[in-house]
Amino acid sequence: MNLHQHIHAVVHALRLGRSAEGNDALAEFLQQLSIALTGPLGSQAPLLLPALRALLQAQEQGDFLYVADLLEYELAPRLQDQG
Amino acid sequence: MERAREIIRKRWPAVHQALEEVQALRTSKVEHQGAFTFIAEGIHVTSLYNRQAEAKLQARQVPESSSSAWAYGVALGDVQREFLGRKALRRLNVVIMNRALLKSSFEHVEHGDWLADTRVELMLGSSQTAVQRPYAVAAATLRLAENEAVALRDDIALDLALPYQKRKYEEREVQITEYLNANMERIKHDGDVHSLFGTHAGKRIAVLAAGPTLQQNFSWLVTHRKDIVTVAVSTVLGPLQKIGMQPDYVVAIDAKPELIGHLEGIDLASLSSVPLIYYPVVSPDFLQRWPGPKICAYGSHPRYNALKAQHPRGDLFCAGTVTHTAVDLAVKMGASDVTLVGADFCYVDGQSHTQGAAFHVSRTGPVGGNTWVVNGHGNRVMTNLALVGYYRDLERYIAEHRQVRFVNASRDGAYISGTHWLEP
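In the order they appear, the protein sequences are chains A and B.
Residues 1 to 83, numbered by this note's numbering, are exactly what the first sequence covers, in order.
Residues 1 to 424, numbered by this note's numbering, are exactly what the second sequence covers, in order.
Simulated from the structure, these hints should not be mistaken for laboratory data.
The C-beta atom is built at its ideal place from N, Cα and C for all residues, glycine as well.
There's no promise every hint is true.
[To be verified] To give a feel for the contact side, a few chain B residues facing chain A, derived at Cβ under 10 Å:
#, residue
1, Val45
2, Leu124
3, Asn384
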């Protein structure tokens, strides 16, 4: 599964209230992203970090629809830009 | 806001009365490039960036051709408007998951448009306990459900989680089958749990589960040791040995390799006379190391059907947690009183298990399903959805066994319907 597919899976689950599934999928996405940030996406990390920080804070608060928003509308387009 | 309130007052006077009993939540409006939503208790009640797309996704969980639908939670009314835009829809049942949240929502958007639709029927989440189909959920309203609607919230959340849960169980089938095959010879020769049924008729049996409040009741357990029979889950062997207590029975059912961790640091020689009641899917290594008598039980899963025909054994109930199995053992042994010790189903004081239990961790932030239960003091305590499922299944079990007096030893864990409090 690529990063965009991960994002889709997380967003879909969270917006439908499937929180356990969404959280597991989010953990997998973050793991994949952290690997990518040490490799091909490394130079783009500064652009992604603000949204990531906001995402982790929202996750900590259980604000799952905002997590979905940050993934879908902030991170995904920036990852798209990276190709 | 006034139009919405007036419509509710005329059409649903009882709902109006219930809304008048609460104050609106304090909320804050948030905006982004012309779109807006509001935040209640730190939670965005809808998508900020595109509420309509989110509502469409949520409404799509109900087929377009459905003539009726259930909409759980109101948020900003977007899901309701999505449904009412369908020509096939004849009835929309809208369930309020949090009255105070709805009143707050009235302050941000007009809801009179959809409330006035004659296809709408409005009701309180507190009036229901079971999810109806087909349905859609305004997802944040589950997180923000009021205490009075928590039973319904749990049923909805568990229903939403079911497909994922099934997939996870199927992933474990290979491991389960491997252990079952490896234990086949043992099963033929080990004891039958049926031989224990009725052996403690009329007695008080304490089920020692692994929740954080187990340690609160160590003094009670020691004081009453001679008067009670104890059935412990294998997770708590460590804490019990630390206070010098040997349980009368130990139960282990999980097909997880890490179950062997329950025996780490344990003085196994001291357990040489303690029977272990197990499901045949338990790790062979765990069974090999257990020093005492081993007594086999089956669950209701179809995987045991062939075994039941060849090597009949008694059944013990389980709906996901060894605590269920320990409780059912106590009941089938004839207990007149089953005292639940450490059956917390939540993170009391941010702890996952009692101190010293196998795999105990401190939880200081939202984990897993990120939900809550109401404890015996009426306060909310964080938990995860799996624990909520186990807790609700235990309540159903208790309701089906009214001949037994169930006692909860602590008010700090989840309030378990059908139980009495332990008298000091």
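Each hint tested on the structure:
no. : hint   : result
1   : Val45  : holds, 8 Å
2   : Leu124 : violated, 19 Å
3   : Asn384 : holds, 7 Å
Against the hints set out earlier in the document, a violation occurs for number 2 only.
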